[in-house]
Structure formats: structure tokens, C-alpha cells
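Asks: Sequence:
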Amino acid sequence: MISAAVILSLLLFTACSHDTEHRSSASSEEKKLYSDHHDKDGDDLHYLQSSADDIGMDEAIDIAVSKVPGASSSDVTEIERDYDNGRIEYEGELWYNGYEYEFEIDAATGNILKWEIDN
Numbered sequence: 000m001i002s003a004a005v006i007l008s009l010l011l012f013t014a015c016s017h018d019t020e021h022r023s024s025a026s027s028e029e030k031k032l033y034s035d036h037h038d039k040d041g042d043d044l045h046y047l048q049s050s051a052d053d054i055g056m057d058e059a060i061d062i063a064v065s066k067v068p069g070a071s072s073s074d075v076t077e078i079e080r081d082y083d084n085g086r087i088e089y090e091g092e093l094w095y096n097g098y099e100y101e102f103e104i105d106a107a108t109g110n111i112l113k114w115e116i117d118n
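Letter 80 of the sequence shown, counting from 1, is numbered 79 in numbering that gives the first Met the number 0, and no numbers are missing.
To be clear, the hints were calculated from the coordinates, so they are not data collected in a lab.
By construction, the Cβ of each residue, glycine as well, lies at the ideal position given by its N, Cα and C atoms.
Derived pair list, reagent style SDA-like, types lysine to any residue, alpha-carbon separation capped at 25 Å:
#  : residue 1 : residue 2
1  : Lys66     : Glu90
2  : Lys113    : Val64
3  : Lys113    : Asp83
4  : Lys113    : Asp74
5  : Lys113    : Ile54
6  : Lys113    : Ser65
7  : Lys66     : Asp81
8  : Lys66     : Ala107
9  : Lys113    : Trp94
10 : Lys66     : Asn84
11 : Lys66     : Glu115
12 : Lys113    : Glu101
13 : Lys66     : Asp117
14 : Lys66     : Asn118
15 : Lys66     : Asp52
16 : Lys66     : Gly55
17 : Lys113    : Ile62
18 : Lys113    : Gly97
19 : Lys113    : Asp81
20 : Lys66     : Glu101
21 : Lys66     : Glu79
22 : Lys113    : Val67
23 : Lys66     : Tyr100
24 : Lys113    : Gly69
25 : Lys113    : Ala51
26 : Lys113    : Tyr98
27 : Lys66     : Thr76
28 : Lys113    : Asp57
29 : Lys66     : Trp114
30 : Lys66     : Ile116
31 : Lys113    : Arg86
32 : Lys66     : Ile54
33 : Lys113    : Ala70
34 : Lys113    : Glu79
35 : Lys66     : Glu77
36 : Lys66     : Arg86
Label pairs and their calculated CB-CB ranges:
#  : residue 1 : residue 2 : range
37 : Asp53     : Gly97     : 26 to 36 Å
38 : Asp117    : Asp83     : 13 to 23 Å
39 : Arg86     : Ser65     : 16 to 26 Å
40 : Thr76     : Leu112    : 14 to 24 Å
Based on the sequences and whatever the hints tell you, model everything.
Replies: What follows is the structure, encoded as C-alpha cells:
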């Protein structure tokens, strides 16, 4: 259970910055963009409370990679955690063999909500 002090700290942090990005480099050849979006419309508290049911970013990457034979997690070029359509989702891009795969994955269930392929 999240303590009141932690929730208050998170809400204060959110009030100061509605969009935070975290950058991580898995190797010198690749960069991944990890982003948590916080809406200005007051639904941040629900967003924070729902995170206990979250599959996690690594699992979302694994789900996307499993759809593309031969691809690996290093082929995921962008992924972000977003509260959209009344739920937390992971939205991202995967590039492999000249194709761009765009995806949205439900953070609570791991179900793929959107899958598009562009070349």
C-alpha cells in the first residue's frame, strides 16, 4: 500500500512537471526513450494508483518482440507508458529488417491493442 507521504510527494512532483522523460542507453549503438506521461486533466491519481497492476515496460517490450520473428529487445527504438482511453498503455516502435512496427499494449493485461507495420 502506498503511504500518504509517497502519494503527496508524487502529486507534488506531477504538479511541477506534467511530462517526464527518462533516457536509457542499452549500448553505444542504441537509445531507447522511456516516458511517463501525466495528463493535465486531473486523472494522474488514477494513473498512479493503477501502477500496481502494470505488467512493466520490460514485459511490454518482450510481448512486442515476440510478434516479430528474429527481432530482439534492441530493435525497440521507442516505448512510453501512457494513460489513455481510461487505461495505462505502452506505446512504442520496433524497427527490424527495414520494417517499422508500431504497437500499443494494455499495461494491465498485456493484450496488444494496436499493431501496425510500415515499410
